[in-house]
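Student: First to last, the protein sequences are chains A and B. In terms of this note's numbering, the first sequence opens at residue 1 and continues consecutively. In terms of this note's numbering, the second sequence opens at residue 1 and continues consecutively.
Simulated from the structure, these hints should not be mistaken for laboratory data. Treat the hints with caution; some may be incorrect.
Where chain A lies over chain B, by a calculated footprint (3+ residues, C-beta under 8 Å) [claimed, not checked]:
{"no.": "1", "segment": "54 to 61"}
{"no.": "2", "segment": "68 to 75"}
{"no.": "3", "segment": "98 to 109"}
Cβ-Cβ distance ranges computed for the label pairs, FRET-style [what the hints assert, rightly or not]:
{"no.": "4", "chain 1": "B", "residue 1": "A14", "chain 2": "A", "residue 2": "R95", "range": "24 to 32 Å"}
{"no.": "5", "chain 1": "A", "residue 1": "N381", "chain 2": "B", "residue 2": "L67", "range": "37 to 45 Å"}
{"no.": "6", "chain 1": "A", "residue 1": "W218", "chain 2": "B", "residue 2": "A14", "range": "25 to 33 Å"}
{"no.": "7", "chain 1": "B", "residue 1": "S136", "chain 2": "A", "residue 2": "I106", "range": "41 to 49 Å"}
{"no.": "8", "chain 1": "B", "residue 1": "G12", "chain 2": "A", "residue 2": "Q288", "range": "22 to 30 Å"}
{"no.": "9", "chain 1": "B", "residue 1": "I196", "chain 2": "A", "residue 2": "A206", "range": "48 to 56 Å"}
{"no.": "10", "chain 1": "B", "residue 1": "R10", "chain 2": "A", "residue 2": "N381", "range": "44 to 52 Å"}
The beta-carbon is built from N, C-alpha and C at its ideal position, and this holds for glycine as well.
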Amino acid sequence: MSSTALAPPRPLIPLPGGTTMRGVLWQAALAIAVILIGWSLYNNMLANMAARGLQFGFGFLNRSAGIPIGEHLIPYTPADTYQRALTVGLLNTLRVAVLGVVLATILGILLGLARLSSNPLLRGLTGGYIEVIRNTPLVLQLVFWHAIVLQLPSVRQALNPLPGLYLSQRGLKVPALMADSALFWAGVAVLVALVAWWLLLRRERARQEATGERRATWAPGLALLFGLPILAGYVIGAPTVEWPVLAGFNFRGGLTLSPEFFALLLGLVIYTAAFIAEIVRAGIQSVQRGQWEAARALGLAPGRIMRLVILPQALRVIIPPLTSQYLNLTKNSSLAVVIGYPDLVSVANTSINQTGQAVEVIAIFMAVYLIISLVTSLLMNAYNRAVALKER
Amino acid sequence: MIEFDDVSVRFGAAEAVRGVSVAIPPGALAVLVGPSGSGKTTLLRLVNRMATPSAGQVRVRGEDVALADPARLRRSVGYVMQSMGLFPHWSVARNIGTVPALLGWPQPRIAARVEELLALVRLDPALAQRRPAALSGGQAQRVGLARALAADPDILLMDEPFGAVDPIVRRELRAELTRIHAATGKTILLVTHDPIEALELATHLIVLREGQLVAAGEAAALAAPPAAPFLRALFGPEALALRRLSLLRVGDAALDGPAPDAAPEIAPEASLAEAWILMQERGAPVLAVGARHLPWSALLPR
Numbered sequence: 001m002s003s004t005a006l007a008p009p010r011p012l013i014p015l016p017g018g019t020t021m022r023g024v025l026w027q028a029a030l031a032i033a034v035i036l037i038g039w040s041l042y043n044n045m046l047a048n049m050a051a052r053g054l055q056f057g058f059g060f061l062n063r064s065a066g067i068p069i070g071e072h073l074i075p076y077t078p079a080d081t082y083q084r085a086l087t088v089g090l091l092n093t094l095r096v097a098v099l100g101v102v103l104a105t106i107l108g109i110l111l112g113l114a115r116l117s118s119n120p121l122l123r124g125l126t127g128g129y130i131e132v133i134r135n136t137p138l139v140l141q142l143v144f145w146h147a148i149v150l151q152l153p154s155v156r157q158a159l160n161p162l163p164g165l166y167l168s169q170r171g172l173k174v175p176a177l178m179a180d181s182a183l184f185w186a187g188v189a190v191l192v193a194l195v196a197w198w199l200l201l202r203r204e205r206a207r208q209e210a211t212g213e214r215r216a217t218w219a220p221g222l223a224l225l226f227g228l229p230i231l232a233g234y235v236i237g238a239p240t241v242e243w244p245v246l247a248g249f250n251f252r253g254g255l256t257l258s259p260e261f262f263a264l265l266l267g268l269v270i271y272t273a274a275f276i277a278e279i280v281r282a283g284i285q286s287v288q289r290g291q292w293e294a295a296r297a298l299g300l301a302p303g304r305i306m307r308l309v310i311l312p313q314a315l316r317v318i319i320p321p322l323t324s325q326y327l328n329l330t331k332n333s334s335l336a337v338v339i340g341y342p343d344l345v346s347v348a349n350t351s352i353n354q355t356g357q358a359v360e361v362i363a364i365f366m367a368v369y370l371i372i373s374l375v376t377s378l379l380m381n382a383y384n385r386a387v388a389l390k391e392r
Numbered sequence: 001m002i003e004f005d006d007v008s009v010r011f012g013a014a015e016a017v018r019g020v021s022v023a024i025p026p027g028a029l030a031v032l033v034g035p036s037g038s039g040k041t042t043l044l045r046l047v048n049r050m051a052t053p054s055a056g057q058v059r060v061r062g063e064d065v066a067l068a069d070p071a072r073l074r075r076s077v078g079y080v081m082q083s084m085g086l087f088p089h090w091s092v093a094r095n096i097g098t099v100p101a102l103l104g105w106p107q108p109r110i111a112a113r114v115e116e117l118l119a120l121v122r123l124d125p126a127l128a129q130r131r132p133a134a135l136s137g138g139q140a141q142r143v144g145l146a147r148a149l150a151a152d153p154d155i156l157l158m159d160e161p162f163g164a165v166d167p168i169v170r171r172e173l174r175a176e177l178t179r180i181h182a183a184t185g186k187t188i189l190l191v192t193h194d195p196i197e198a199l200e201l202a203t204h205l206i207v208l209r210e211g212q213l214v215a216a217g218e219a220a221a222l223a224a225p226p227a228a229p230f231l232r233a234l235f236g237p238e239a240l241a242l243r244r245l246s247l248l249r250v251g252d253a254a255l256d257g258p259a260p261d262a263a264p265e266i267a268p269e270a271s272l273a274e275a276w277i278l279m280q281e282r283g284a285p286v287l288a289v290g291a292r293h294l295p296w297s298a299l300l301p302r
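The following block holds chain A by itself, in its conformation from the complex (with noise of 0.2 Å):
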């Protein structure tokens, strides 16, 4: 038998950089098929809207809202204008999120090493928890913590755990700071410790470069930190706090968090950090045993170990999926409107049903929510590429 070169395909009409007629061709004509099925949707639309008598556009954005909303962060009464409803629904959602990232990290890491921890009692107790939690519906999860708040006491039996503190129905209320100049001035004095601490870690390293010796910063910087505030309070004066009193059927003064943000705040975090600890876990154990073999073998202490080599490589392998998992939770919290916390979703929610232009306000909130995934997606990928392992 003769031996065959295979020929290259034939080009129909050879373009330059390799491509061909007939590639061009297919993209052209895909193209076309998005913009006609676009096209056609939206005409479809326009002539829904106008059969039902509403014309496309966000006019109706600076028009009364007349919706009641408990909770927000800035000034808001019924008769502001759909906008600044919803920048107060955007805002409820912001709280809740980063709240919830927050504490869903520090909660899902201490959570991922107590799964590997050599104790099996509390090995067993983490594996069951995370078990449990991951393989319920997060609906039923947060529709159980709004039951259980509900259940607590009424306002003039609240639970006091701590001086200041009180668990009731009405959601939990804890001392406010008052933003006064004493405040400003201890606020200051932090800041002064803190710099003061940093001089001082970087003179001894400095002193353990040239003579190999080496105090600890712990003791003179604690003393700092918490000293430089009283002081300062003891000199300009302390800062105001307000106390929550109970008077009459309410609490008058403190801050509170309201039982809808706490159940979906207690819900998402509870239900995040399972996954996190996963996560965690899975990151820690990627990391080769035979570098825990030479941390020990070098005379690492445990703490050591685990700070210098098995977390800076386990964090390559976990914040790819932690982001989505920050994603998630951010998603997740539009669940709030079913126990009925005014989130983005639920005063958008409110806005369709009372002015019809539901295309538009599910259009802001989407692109909301995109922005946001978008944001975190792009701060994440840019602190995985700092801590990414160089190869050379």
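Put chain B on the given structure of chain A with help from the hints.
Tutor: Frame of chain A, contents of chain B only:
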């Protein structure tokens, strides 16, 4: 320098090491050899308390290791492992400087030490800022050796140090280790399952089987016939015989009286193995050693 005194180690029901007593003198290159599962790695790990004896005592520099602080003990004993020992997220220089940094050396002193060690293990100083992933297997193993030597420990433990590199590099690294041992005079305890490697490197041999000591002593003495049946089976009779010859010197074996005129010349510092090879190549039964002579019968054990 290192003494095992009737040491046993138990892992659950299994006994990995059973009643081993052996002493390693300062400056020795002692090789622990035996089939897999013979307890050699466990015995090595006892020295820096990576394993703890269930009975008996391990003494390092005359002190019971059970009473020593594990972290300080480990920093005072170098440790080289088969693979995966380098930290991939640190540069070569930072890897080598790990223990000096833990000991709180000033930065310039660490940098100088890293440079010195790279020269000792014959690595290009330009590699210092590279990551371990950019190194070849042989280079990585040299970095591992440099890291173990960083704080100038007088004892070096090596667990199958050449197990993960190809045969050619392995031979090169063995020669390098012999050279570094001669240059630094460290006490080295090395684990291998390769009998030929053990014979080539060892000044002292410790042979284990199923957790028990089979033989221990100077390599030349162990290699001399009549070798125990297990040693013959482990090393092979040819390797044992050749190793014995390479550990003995021509000057010590030569007889008085001149050699015949045609006899090839050999230096008194040469080993008997080299004399044997010269005899083979020239077909000469007698070699000249200055004014003395070395007949082939002098190669026989006395």
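Student: Confirm or reject each hint.
Tutor: Here's how the hints hold up against the structure:
A count of 0 residues in the segment 54 to 61 of chain B with a Cβ less than 8 Å from any Cβ of chain A is obtained; the coverage claim is therefore unmet, three being the minimum. Three residues within the 8 Å Cβ limit are the bar, and the segment 68 to 75 of chain B against chain A gives 6, so the coverage statement holds. Counting residues of the segment 98 to 109 of chain B whose beta carbon lies closer than 8 Å to any beta carbon of chain A gives 9, which meets the minimum of three for the stated coverage. Our hint of 24 to 32 Å for A14 (chain B) and R95 (chain A) is violated, since their Cβ atoms are close to 58 Å apart.
Range check, N381 (chain A) to L67 (chain B): about 51 Å between beta-carbon atoms, so the 37 to 45 Å window is missed. Checked against the hint of 25 to 33 Å, the C-beta distance between W218 (chain A) and A14 (chain B) comes to roughly 45 Å, which is inconsistent with it. For S136 (chain B) and I106 (chain A), the Cβ-Cβ distance of about 42 Å falls inside the hinted range of 41 to 49 Å, so the restraint holds. Separation of G12 (chain B) from Q288 (chain A) is about 25 Å and conforms to the stated range, judged on CB atoms against 22 to 30 Å.
Taken as a hint, the range 48 to 56 Å holds for the pair I196 (chain B) and A206 (chain A), whose Cβ atoms sit roughly 52 Å apart. For R10 (chain B) and N381 (chain A), the Cβ-Cβ distance of about 51 Å falls inside the hinted range of 44 to 52 Å, so the restraint holds.
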